[in-house]
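Take the sequences, apply the hints, and build the full model.
Protein chains in written order, with my numbering: chain A, 1 to 196; chain B, 1 to 196.
Heads up, a few of these hints could be off.
Identical copies look the same in the list; a pair holds intra-copy or inter-copy alike.
Said to hold, decoys possible - Straight-line Cα separation of at most 25 Å, BS3-like style, residue types lysine-lysine; simulated pairs: (1) K117 to K28; (2) K117 to K20; (3) K117 to K17; (4) K87 to K51; (5) K20 to K89; (6) K9 to K43.
Keep in mind the hints are simulated off the structure, nothing from the lab.
Quick caveat: nothing in here was measured; it's all calculated off a predicted structure.
2 protein chains.
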Amino acid sequence: MEIQHTPFKPLVDRILKDGKCLEGGILKVDGFINQQIDPNLLKDMSIEIVKRFANYKINKILTIEASGIAPAIMLGFFLNAPVVFAKKKVPSTMENMLTTEVFSFTKQKSYSVCVSKDFLQKDDKILFVDDFLANGNAAKGIIDLVKIVGAELVGMAFLIEKGFQAGGNYLREQNIKVESLAIIDSLDNCEIKIRQ
Amino acid sequence: MEIQHTPFKPLVDRILKDGKCLEGGILKVDGFINQQIDPNLLKDMSIEIVKRFANYKINKILTIEASGIAPAIMLGFFLNAPVVFAKKKVPSTMENMLTTEVFSFTKQKSYSVCVSKDFLQKDDKILFVDDFLANGNAAKGIIDLVKIVGAELVGMAFLIEKGFQAGGNYLREQNIKVESLAIIDSLDNCEIKIRQ
Numbered sequence: 001m002e003i004q005h006t007p008f009k010p011l012v013d014r015i016l017k018d019g020k021c022l023e024g025g026i027l028k029v030d031g032f033i034n035q036q037i038d039p040n041l042l043k044d045m046s047i048e049i050v051k052r053f054a055n056y057k058i059n060k061i062l063t064i065e066a067s068g069i070a071p072a073i074m075l076g077f078f079l080n081a082p083v084v085f086a087k088k089k090v091p092s093t094m095e096n097m098l099t100t101e102v103f104s105f106t107k108q109k110s111y112s113v114c115v116s117k118d119f120l121q122k123d124d125k126i127l128f129v130d131d132f133l134a135n136g137n138a139a140k141g142i143i144d145l146v147k148i149v150g151a152e153l154v155g156m157a158f159l160i161e162k163g164f165q166a167g168g169n170y171l172r173e174q175n176i177k178v179e180s181l182a183i184i185d186s187l188d189n190c191e192i193k194i195r196q
Numbered sequence: 001m002e003i004q005h006t007p008f009k010p011l012v013d014r015i016l017k018d019g020k021c022l023e024g025g026i027l028k029v030d031g032f033i034n035q036q037i038d039p040n041l042l043k044d045m046s047i048e049i050v051k052r053f054a055n056y057k058i059n060k061i062l063t064i065e066a067s068g069i070a071p072a073i074m075l076g077f078f079l080n081a082p083v084v085f086a087k088k089k090v091p092s093t094m095e096n097m098l099t100t101e102v103f104s105f106t107k108q109k110s111y112s113v114c115v116s117k118d119f120l121q122k123d124d125k126i127l128f129v130d131d132f133l134a135n136g137n138a139a140k141g142i143i144d145l146v147k148i149v150g151a152e153l154v155g156m157a158f159l160i161e162k163g164f165q166a167g168g169n170y171l172r173e174q175n176i177k178v179e180s181l182a183i184i185d186s187l188d189n190c191e192i193k194i195r196q
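Written as structure tokens, this is what we have:
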């Protein structure tokens with residue numbers, strides 16, 4: 001599938017400099033995205049996402065615990081929009097839950113994606129953000145939840161998309177506006193190839 | 001134990017307005033801190049923490065996944081400091097782990113608090129931040145980890161402290177600078193009493 005993609009150079013450069021590729025197609029970006037956050041890069045990436053959705057009305061940022069929280073918080077700050085966390089398991093103390101089941105091909109099992117009804121409304125215009133897009137299982141759960149409440153999913157933003165996995169194509173085929181700041185074309189032989 | 005405490009009024013007012021108290025001493029602040037984040041309140045709380053540590057040199061923000069991430073990210077942004085996430089279980093893909101065991105009286109079991117050695121250094125001046133301080137188990141794990149690397153724990157900041165639980169006294173007895181923006185004195189009979 002041919003897609004329009006503009007790589008965000010500061011992130012691409014940083015992945016090539018500090019990213020590590022482990023056996024089995026795992027990309028480690030622990031030093032600046034996952035375990036340790038570089039506040040400047042996070043700011044720059046968030047502002048880039050703001051620009052890419054500049055022509056859209058957004059009143060709420062949605063993400064999934066835990067790795068999407070950092071960019072979501074920064075986006076919420078810049079857009080002055082509440083940030084809502086969906087969860088991958090149903091917590092004991094949450095009432096009014098919206099829940100959907102998602103099947104993970106990677107883990108070969110189903111899991112729940114859920115969010116409180118109190119925090120998603122019919123008239124919401126939602127930007128979803130997460131750190132990684134791979135097979136898009138969590139994203140599918142989010143689409144379901146947004147549909148259930150009848151809100152509008154304005155788009156989905158990802159810091160890093162694994163272009164060799166199915167999620168990106170799936171989401172774009174649903175006519176969802178997907179923006180990824182960097183698309184990894186291959187991690188074969190532990191070499192990081194990023195789309196230009 | 002007599003402690004110096006300045007309540008942060010915007011948070012106190014918000015807890016009294018929107019906080020909910022459940023049976024068993026559970027305070028729910030889901031609408032503005034835990035499941036949905038109010039970006040303005042988060043900004044104001046983070047700036048308040050910046051002020052309370054204005055006279056200290058800080059080069060790194062440390063928190064524990066997942067509920068501490070939001071204030072940590074905001075603090076990292078304002079202080080231009082990297083944000084490091086400790087975890088409550090040892091992940092499979094993290095090498096060079098620093099690990100310590102913490103006993104949770106609430107859950108009557110031990111758990112691990114861990115962080116990668118790559119992200120904590122001997123010369124770090126660390127501000128730890130989390131959403132809640134109750135029995136302080138996670139905080140004790142953090143103190144251990146910081147000691148192991150020989151870094152300096154500048155202080156610990158919490159949005160909400162449960163003053164009727166043991167964590168706050170324990171930490172202050174270790175001569176740690178503890179700043180809580182709101183201290184809950186009691187949740188008895190499902191009534192929220194906040195220290196003035």
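So, going through the hints one by one against the coordinates:
1. K117 to K28: between (34 Å within a copy, 15 Å between copies)
2. K117 to K20: For K117 and K20, the Cα distance is within 25 Å only across copies (16 Å; inside one copy 39 Å).
3. K117 to K17: between (42 Å within a copy, 20 Å between copies)
4. K87 to K51: Neither: 27 Å inside a copy, 33 Å across copies.
5. K20 to K89: between (29 Å within a copy, 22 Å between copies)
6. K9 to K43: within (14 Å within a copy, 28 Å between copies)
The structure fails to meet hint 4 from the earlier list, while all remaining hints are met.
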